[in-house]
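Asker: Letter by letter, the chains look like this.
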Amino acid sequence: DAGITQSPRHKVTETGTPVTLRCHQTENHRYMYWYRQDPGHGLRLIHYSYGVKDTDKGEVSDGYSVSRSKTEDFLLTLESATSSQTSVYFCAISEPSGEAKNIQYFGAGTRLSVL
Amino acid sequence: AQSVAQPEDQVNVAEGNPLTVKCTYSVSGNPYLFWYVQYPNRGLQFLLKYITGDNLVKGSYGFEAEFNKSQTSFHLKKPSALVSDSALYFCAVRDSGFKTIFGAGTRLFVKA
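From first to last, the protein sequence lines are chains B and P. When you line the first sequence up against the numbering used here, it's residues 477 to 591, in that order. When you line the second sequence up against the numbering used here, it's residues 1155 to 1266, in that order.
Bear in mind the hints are in silico, worked out from the structure with no lab data behind them. No residue lacks a Cβ here, since even glycine has one placed at the ideal position from N, Cα and C. There could be a bad hint or two in this list.
Unchecked claim - The list that follows gives simulated cross-link-like pairs (lysine to any residue, SDA-like), each with its CA atoms no further than 20 Å apart:
| no. | chain 1 | residue 1 | chain 2 | residue 2 |
| --- | --- | --- | --- | --- |
| 1 | B | 529 | B | 502 |
| 2 | B | 577 | P | 1205 |
| 3 | B | 577 | P | 1186 |
| 4 | P | 1253 | B | 574 |
| 5 | B | 577 | P | 1231 |
| 6 | B | 577 | P | 1252 |
| 7 | B | 577 | P | 1181 |
| 8 | P | 1176 | P | 1234 |
| 9 | P | 1203 | B | 507 |
| 10 | P | 1176 | B | 517 |
| 11 | B | 529 | P | 1253 |
| 12 | P | 1253 | B | 538 |
| 13 | B | 577 | P | 1221 |
| 14 | P | 1223 | B | 543 |
| 15 | P | 1253 | B | 487 |
| 16 | B | 577 | P | 1183 |
| 17 | P | 1176 | P | 1215 |
| 18 | B | 577 | P | 1207 |
| 19 | P | 1231 | P | 1162 |
| 20 | P | 1253 | B | 543 |
| 21 | B | 577 | P | 1214 |
| 22 | P | 1212 | B | 576 |
| 23 | P | 1253 | B | 501 |
| 24 | B | 529 | B | 503 |
| 25 | P | 1253 | B | 518 |
| 26 | P | 1176 | B | 518 |
| 27 | B | 529 | B | 504 |
| 28 | B | 533 | B | 507 |
| 29 | B | 529 | P | 1252 |
| 30 | B | 487 | P | 1196 |
As the list claims (entries may be wrong) - A short, non-exhaustive set of chain B residues, derived as facing chain P with CB atoms under 10 Å:
| no. | residue |
| --- | --- |
| 31 | 495 |
| 32 | 496 |
| 33 | 517 |
| 34 | 520 |
| 35 | 521 |
Claimed, not checked - Counterexamples of contact, computed for chain B against chain P with all Cβ distances above 10 Å:
| no. | residue |
| --- | --- |
| 36 | 518 |
| 37 | 555 |
| 38 | 574 |
| 39 | 578 |
| 40 | 579 |
Just need the whole structure built from these sequences, with the hints factored in.
Answerer: So this is what it looks like as structure tokens:
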């Protein structure tokens, strides 16, 4: 999975608790993304980052925050988890130039269940 | 706003037969189009992309896609399907800047 590590791979938590998912890359790619995958919806962008400390909202950002203090790490936090946030979360990376321009490379995913 | 549509939730094909997975798009300006594949319990993997040039784009695992500007389509094709091609396929279009919009996905089932 292209030098991208997501942790944890599986997590079960209770409604109202904070949860942090981590994405770590060894490719030195500039852009990083968090998506959620739900049946019938494909992948929906939660937040993305275009550099260290530079982040922006995607289409389904409510209830989520992110941080990127280093090029290699992109954290996704659910401030107070709800059952509607039960999903599979994917991290992706890309570069804005070169042969692989705009191609996204994905981690293996984190399966989150909020009870 | 950019968008992609995959009109079929599932495509069934017999092994050895040709397969087509459909995708239509809506963009302003020149389209940057992609196909990705997802195997069970894995992240998406890049298959191929169209930026400019030949309308027939060749990609990984024997897949190709045909860009049709007049029909705003970018269908994924393979001349002879394999059981191992069974997976979830996503069409995608680059949005403004560096974001990518994904379709809802089409599940391909290849029967032996």
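Asker: Looking back at the hints listed earlier, which ones does the structure fail to meet?
Answerer: Violated: hints 5, 14, 15, 31, 32, 36, 39 and 40.
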